[in-house]
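In this text, residue positions in the sequence shown follow the numbering used here: the first is 1, and each later residue adds one.
No lab work stands behind these hints, which were simulated from the structure alone.
Glycine included, every Cβ here is placed at the ideal spot set by N, Cα and C.
Keep in mind that a hint or two might mislead.
As the list claims (entries may be wrong) - With a Cα cut of at most 27 Å, we get these calculated DSS-like pairs of lysine-lysine:
#	residue 1	residue 2
1	K264	K250
2	K65	K347
3	K230	K244
4	K330	K316
5	K356	K345
6	K74	K244
7	K230	K250
8	K139	K356
9	K74	K345
10	K65	K244
11	K234	K345
12	K244	K264
13	K139	K54
14	K330	K204
15	K330	K234
16	K264	K347
17	K204	K142
18	K250	K74
19	K230	K74
20	K250	K234
Unchecked claim - Pair ranges (Cβ atoms, derived):
#	residue 1	residue 2	range
21	M140	G331	30 to 36 Å
22	T260	K345	50 to 56 Å
23	K234	G331	31 to 37 Å
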Amino acid sequence: MQKSIILSLLFAFFSCTSPSSNSTKQPKLPEAQKAPPLNNSEVALVWVRNGEDKPIQTYWMEAVKGQWSVIAQKPGLFMAQGESIFEVLDTYASHERPANAPPAKDAGPGEPGCDDEITELTQRDYGLFFRNLLDDQMKMVKLRSQIAPASKLAIVYKKSPMSSMLLGSIGPYLFIRDQRREVACRLNPAHVEYFYIVDSSAFKVVFKLGDHTLGDDNFTGKEDAVAWDKSYLKALYYNPILVKFRQDVKDNVGLETLETVDIKIGYFHGAPNPVRGWMEMHVVYRYNEGCRACPAVDSDPSPTTDLPTELQPFSKVHPAVQALAAQVPKGSRIGGFSVLPAPVKQKDKLQRDFLK
Numbered sequence: 001m002q003k004s005i006i007l008s009l010l011f012a013f014f015s016c017t018s019p020s021s022n023s024t025k026q027p028k029l030p031e032a033q034k035a036p037p038l039n040n041s042e043v044a045l046v047w048v049r050n051g052e053d054k055p056i057q058t059y060w061m062e063a064v065k066g067q068w069s070v071i072a073q074k075p076g077l078f079m080a081q082g083e084s085i086f087e088v089l090d091t092y093a094s095h096e097r098p099a100n101a102p103p104a105k106d107a108g109p110g111e112p113g114c115d116d117e118i119t120e121l122t123q124r125d126y127g128l129f130f131r132n133l134l135d136d137q138m139k140m141v142k143l144r145s146q147i148a149p150a151s152k153l154a155i156v157y158k159k160s161p162m163s164s165m166l167l168g169s170i171g172p173y174l175f176i177r178d179q180r181r182e183v184a185c186r187l188n189p190a191h192v193e194y195f196y197i198v199d200s201s202a203f204k205v206v207f208k209l210g211d212h213t214l215g216d217d218n219f220t221g222k223e224d225a226v227a228w229d230k231s232y233l234k235a236l237y238y239n240p241i242l243v244k245f246r247q248d249v250k251d252n253v254g255l256e257t258l259e260t261v262d263i264k265i266g267y268f269h270g271a272p273n274p275v276r277g278w279m280e281m282h283v284v285y286r287y288n289e290g291c292r293a294c295p296a297v298d299s300d301p302s303p304t305t306d307l308p309t310e311l312q313p314f315s316k317v318h319p320a321v322q323a324l325a326a327q328v329p330k331g332s333r334i335g336g337f338s339v340l341p342a343p344v345k346q347k348d349k350l351q352r353d354f355l356k
């Protein structure tokens, strides 16, 4: 009898302390590819920026006699996906209307048909192309489009190596900051900014923030894609930079007291920490008065090792990154890495195509 009572009490205790199936779950982004084990990778591709205004370089690295070593390097961004490698390219298409063009509804944002300003109106598509090295096939991810769907304009996409838009990467996720100068009818030219997270394993945008002022909750896509930035809008993460941030806001826009309610997310991105051996998220906060011409003030990056659930499988830094960190020029920044799991079936062909 006593034994059955004890078993009943133990069962009740563990039932009460176990997580409830009705507990609130954090929204999740679309599931990415699972991270391959770091100790079962044959090739690591590590991308580096040798100065913020310099082109991206990708290093092909392999373990030689137990030591990860540089086998080859090439300008541009190359990422491993499964057993393939993709080159990631910027793409841009535009159509500028001539001065004598008639007013048109698809002339641009703002009021259509601005005759006096028609020479300044430009329609654009921005995006990324992913080129598979194995078959040379292309996949496009549109970031932003101003070209009207019904437009009969001829669109020719210009491709170029990945630019300074790329801030960092964690696993298959690319963190992109797109800054542009835009002109709209009867409005002064403005520098606008957009922030995206692209899932390169699914070839789609999973997070977008922008339209003139970051932090305005102008999101596109599924509602479950907004959890990442919300999780970093907490005192825990911005307190380390708050004193300097308040002083910067005061010096730049004259605001005497920056209230925490006015702190918004500017952008954030992954960054490997080779010394500690784990990935970090660098979060930049922003103050903006919310108008098109108002100046914005950004904080210094605030690093944290707290990663969203979807990124935790990619939280460890590959040993190739640690080996490369001691070899790259001073002032270089390692932005991210990807790996080909062993055994690589078409390794020789991939390496030849990488070096073309």
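Comparing the hints with the structure gives:
This hinted pair checks out: K264 and K250 have alpha carbons roughly 16 Å apart, not beyond 27 Å. Proximity of K65 to K347 is assessed by CA-CA distance (about 18 Å); at most 27 Å being required, the pair is judged to hold. Only pairs whose Cα atoms come within 27 Å are accepted, and K230 paired with K244 is accepted, the gap being roughly 22 Å. The straight-line distance between the Cα atoms of K330 and K316 is roughly 23 Å, inside the 27 Å bound, and the hint therefore holds.
A threshold of 27 Å between alpha carbons decides the hint, and for K356 with K345 the separation of about 19 Å falls inside it, so the pair holds. About 39 Å separates the Cα atoms of K74 and K244, which puts this hinted pair outside 27 Å; it is violated. Distance restraint check for K230 and K250: the Cα-Cα separation of roughly 25 Å lies within the 27 Å cut-off, and the hinted pair is therefore satisfied. Among the hinted pairs, K139 with K356 is consistent with the structure: their alpha-carbon atoms are about 20 Å apart, no more than 27 Å.
Using a Cα cut-off of 27 Å, the hinted pair K74 and K345 holds, with the two alpha carbons roughly 22 Å apart. The suggested pairing of K65 with K244 is violated, with an alpha-carbon distance near 47 Å, which exceeds 27 Å. Our distance criterion of 27 Å between C-alpha atoms is broken by K234 and K345, whose separation comes to about 46 Å. A hinted pair counts as satisfied when its Cα atoms are at most 27 Å apart, and K244 with K264 qualifies at roughly 16 Å.
As the CA atoms of K139 and K54 are separated by approximately 26 Å, the hinted pair is consistent with the 27 Å bound. A hinted pair counts as satisfied when its Cα atoms are at most 27 Å apart, and K330 with K204 does not qualify at roughly 34 Å. About 34 Å separates the Cα atoms of K330 and K234, which puts this hinted pair outside 27 Å; it is violated. A C-alpha spacing of about 45 Å is found between K264 and K347, which places the hinted pair above 27 Å, so the restraint is violated.
Between K204 and K142 the CA atoms are separated by roughly 8 Å; this keeps the pair inside 27 Å, and the hint holds. As the CA atoms of K250 and K74 are separated by approximately 44 Å, the hinted pair breaks the 27 Å bound. A threshold of 27 Å between alpha carbons decides the hint, and for K230 with K74 the separation of about 37 Å lies outside it, so the pair is violated. For the suggested pair K250 and K234, the alpha carbons sit about 21 Å apart, so the restraint of at most 27 Å is met.
Against the hinted window of 30 to 36 Å, the Cβ-Cβ separation of M140 and G331 comes to about 33 Å, which satisfies the hint. Distance hint check: the CB atoms of T260 and K345 are about 53 Å apart, consistent with the given range 50 to 56 Å. Remark: the range hint 31 to 37 Å for K234 to G331 is upheld by a beta-carbon distance near 32 Å.
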